[in-house]
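Asks: Sequence:
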Amino acid sequence: QDLLDILQNHDFYFDDDMDILNPAKERLYRMANKGKDFLDTGDYKKAIRYLESVIKKEPSLVFARNNLALAYFCTGQLDKAIDMCQSVLHEYPQNIHANCNIAIFLHEKKDMDKSEEHLQTILGLQIEDPEEIHKIAVTLCELRRHKEANRHLRLLLQYKPYDIRILHYIAVSYFNIGRYKEALQYWNKIDKISPHNTISSFYRRLA
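In our numbering, each residue's number is its place in the sequence shown (first place is 1) plus 35.
Just so you know, these hints were derived from the structure itself, not from any lab.
Among the hints, a few may not be true.
As a list, the in silico DSSO-like pairs of lysine-lysine whose alpha-carbon atoms are at most 30 Å apart [unchecked claim]:
#: 1; residue 1: Lys-60; residue 2: Lys-115
#: 2; residue 1: Lys-224; residue 2: Lys-182
#: 3; residue 1: Lys-92; residue 2: Lys-81
#: 4; residue 1: Lys-92; residue 2: Lys-115
#: 5; residue 1: Lys-91; residue 2: Lys-81
#: 6; residue 1: Lys-216; residue 2: Lys-227
#: 7; residue 1: Lys-182; residue 2: Lys-216
#: 8; residue 1: Lys-182; residue 2: Lys-145
#: 9; residue 1: Lys-69; residue 2: Lys-182
Using the sequences and the hints given, assemble the complete structure.
Replies: This is the structure we're talking about:
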């Protein structure tokens, strides 16, 4: 079950020399995933405590470093978040999650040129992994790049055709570029999959 939990974490990063059977390393992965759980539920201080502890013992866990950067960002520690991303990118310049995170962080810091550089790095890569496509699409949504987000979301839908969350994202992206008919089609599809869905019904009326 622990292994399945790790594999289901979309920020998981496999190191070439990873020994999943090493008990000490397994404990660190469990701690890292616990930190991710705290991050997802908004308990950022606990997330930072867990993730900092993991990274101190095993700095090669890139997914933990990326999650720690997000936790720093969510607690207003913008410079620490950027520094953490830069440390990952120094070792892995094409790491999707680090590039996506820092693009948002730099945009928040009003450093639009550098934010755009990282965004272009992302958009220049040939990505096939659905979780990485998802990360890029969400980043583009955050940066209000709705047309590019829409393109990635439609690609993602090929992997997850009945994912309500993805369908909603696509509908919102169409709505934000003024293509209301297409937006309505996706919210209607959500209604067929999940009747009486309050989110889709609200936005359908708005459209």
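Asks: Which earlier hints turn out false for this structure, listed by number in ascending order?
Replies: 9
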